[in-house]
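*Asks:* Dock chain U against the given chain H, drawing on the hints supplied.
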Amino acid sequence: MKNMRTQERIANGFIHSILGILSFVWILPIFWLVLISFRKEPGSYTSYILPKSYTFDNYIKLFTDTSLFNYPRWFLNTLIVAICTAAVSTILVLMTSYALSRLRFKMRKPMMNIALILGMFPGFMAMIAIYHILKSFGLTQTLFALVLVYSGGAAMGYYISKGFFDTIPKAIDESAMLDGANKNTIFWKITLPLSKPIVIYTILMSFMGPWMDFIFVSVIMKDNYQNYTVALGLYRMLSRENIFMYFTRFAAGAVLIAIPISILFIYMQKFYVSGITGGSTKG
Amino acid sequence: MATLQLKGINKIYDNNVQAVFDFNLDIKDKEFIVLVGPSGCGKSTTLRMIAGLEEISSGELFINDKFSNLTAPKDRDIAMVFQSYALYPHMTVYENMAFGLRLKKLPKHEIDERVKEAARILEIENFLDRKPKALSGGQRQRVALGRAIVRNAQVFLMDEPLSNLDAKLRVQMRSEIIKLHERLNATTIYVTHDQTEAMTMATRIVVMKDGYIQQIGTPKEIYNHPNNMFVANFIGAPAMNFITGKYAKGRFEVDNKSFMVPKMFSEALKDLEGKELVLGIRPEDIHYEGIVAETFPDTPFDFNIEVSELLGHEFILHGRFGNQPILAKVSARVDVHAHDTIKLAMDVTKLHFFDKETTKAII
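Heads up: the protein sequence lines correspond to chains H and U, in order.
Residue numbers are given in the numbering used here: position 49 of the first sequence equals residue 64, and the series is strictly consecutive.
Residue numbers are given in the numbering used here: position 285 of the second sequence equals residue 293, and the series is strictly consecutive.
A hint or two may mislead.
[Stated by the list, open to error] In silico DSSO-like pairs for lysine-lysine, Cα to Cα no more than 27 angstroms straight-line:
#, chain 1, residue 1, chain 2, residue 2
1, U, Lys124, H, Lys204
2, U, Lys139, H, Lys177
3, U, Lys116, H, Lys198
4, U, Lys113, H, Lys185
5, U, Lys113, H, Lys198
6, H, Lys204, U, Lys141
7, U, Lys139, H, Lys211
8, U, Lys82, H, Lys204
9, H, Lys285, U, Lys141
10, H, Lys185, U, Lys141
11, H, Lys198, U, Lys112
Calculated directly from the structure, the hints in this document are not laboratory data.
Predicted, not measured: the structure shown is a model, and the values here were computed from it.
Extracted from the complex, chain H is given alone in its bound form (with noise of 0.2 angstroms):
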């Protein structure tokens, strides 16, 4: 008895000590990050960690010195195209795995192993390609033509939510088709009220790429100072001009770039409710 209490100490301690390490290794960069936000002293490059004195400008800089770097209104951008591409894609997505998961056609089969291996190539191969179709379209350098990009191949991330779909009885579409309903009815009132969970994820997702996005930005907006992102106008403080001036600035805007997605993540958490179908078949 007491040989097996020992052993299942050691086996605690063991496995806390690399949850420590672990969770060390993680939150030291943002640690790091968030000291740096406050520090007084300018430069990129210190030969100490701690910050000698702290300071809030670097925050309050960040919305009121807009002459070189407009911080508020890259920030207002991204949350605009964030918000936009989340509600356009997460419908996309979702109806798209619907069908996908729920109608049978002749090329369901082929089409979801496509874009399944399209999924597969990274985005940004195309992007040459997709600058020169906006460009002919005249849309380059809008913040309607980021919306489109993120958006536009989000369907093809059916997968999760199609598996999620799959896992809803078929008879209870089926008891609300005698119910008189159609397949509209029975997607907005049955099955996505069923999918809580996973609406929260595609939306979380969808609501992500385009808050982190560098390398589309980049392409489209070219010099369009004024439709920038916070990722791509944050990257302009580090160059090898501004960098000395602005890097706590920077870290400062790194760290509020963080706040949104934080407060969604809390808010949608709430839904994510384990076993919603209970009770709807069987005994």
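*Replies:* Showing chain U alone in chain H's frame:
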């Protein structure tokens, strides 16, 4: 008023598997039709074709004399209860029942009336605010029934609605469905693999096997005059005994035994002199009581009990007639034990004869 006609209905799936062959049935108003058969016999497929959930490959379906092959499920005025209940898990019991009515855009007070009425009939008034998750299997089944009732549909379809319930609840719900049918008078088509449900509930039974109708008839007809060995074996529990033997000179000979076949059968059997036949006799027609042995003095035989199963009020005895295994059902009042040898007699007026090759009933 609802009548249904199914004319020459076939179901062939995309993978070329045919599930239903040439299904013909006229269903009268207010009938309680039970489709019964082992799994994979096409009974559920037939029901789903009537509901409109499966396409009819060929043949014609008439609902109230209206050609309905291509009518959308919601326009068929049909309510269906699924084996899995298929309740909407995110809605309360009330919303579950009201869903179809809301889609029909009925006025609120009417929806309320109908739902409450159905809840009263089914005694689920206290659960109206609950979600299906918080209900027991039997209560869920009631909600599923309620959802069908509120629709005031002309035709009720039930796809093995009791199979997920435990045995006791099943018996209770069985009688409630019968009562419900008497009350609502809706034409009902009920699918089950349980012959007891078929016998107890049906006005007419349709026995199916491998996609073919084997026999259509009232429970009594099916029980007393099965068309073939499959029906004879499927309906009745325990199943009918089959004994292979030879018919000769008015006697039926099995291995080293023989007995007189009553005159009532001789006309039908007269061309089969000397042929091998299958004799069918239900376990309940093999008796222990002396009075049967006196009435049919030819039939008593020694029966060595191999296994005896006590069901409370009766025994199921396993043994042999000649070398062929048979079952007998005797009252539990007699004291019998395994490995005893007792005298049993057959009620020969209850015999059935089947052709050995075609398995069809001769009489």
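*Asks:* Each hint should be assessed against the structure and marked as holding or not.
*Replies:* Quick rundown of the hints versus the structure:
| no. | hint | in the structure |
| --- | --- | --- |
| 1 | U:Lys124 / H:Lys204 | 23 angstroms, holds |
| 2 | U:Lys139 / H:Lys177 | 25 angstroms, holds |
| 3 | U:Lys116 / H:Lys198 | 24 angstroms, holds |
| 4 | U:Lys113 / H:Lys185 | 25 angstroms, holds |
| 5 | U:Lys113 / H:Lys198 | 17 angstroms, holds |
| 6 | H:Lys204 / U:Lys141 | 18 angstroms, holds |
| 7 | U:Lys139 / H:Lys211 | 17 angstroms, holds |
| 8 | U:Lys82 / H:Lys204 | 17 angstroms, holds |
| 9 | H:Lys285 / U:Lys141 | 19 angstroms, holds |
| 10 | H:Lys185 / U:Lys141 | 18 angstroms, holds |
| 11 | H:Lys198 / U:Lys112 | 15 angstroms, holds |
Of the hints listed earlier, there is not a single one the structure fails to meet.
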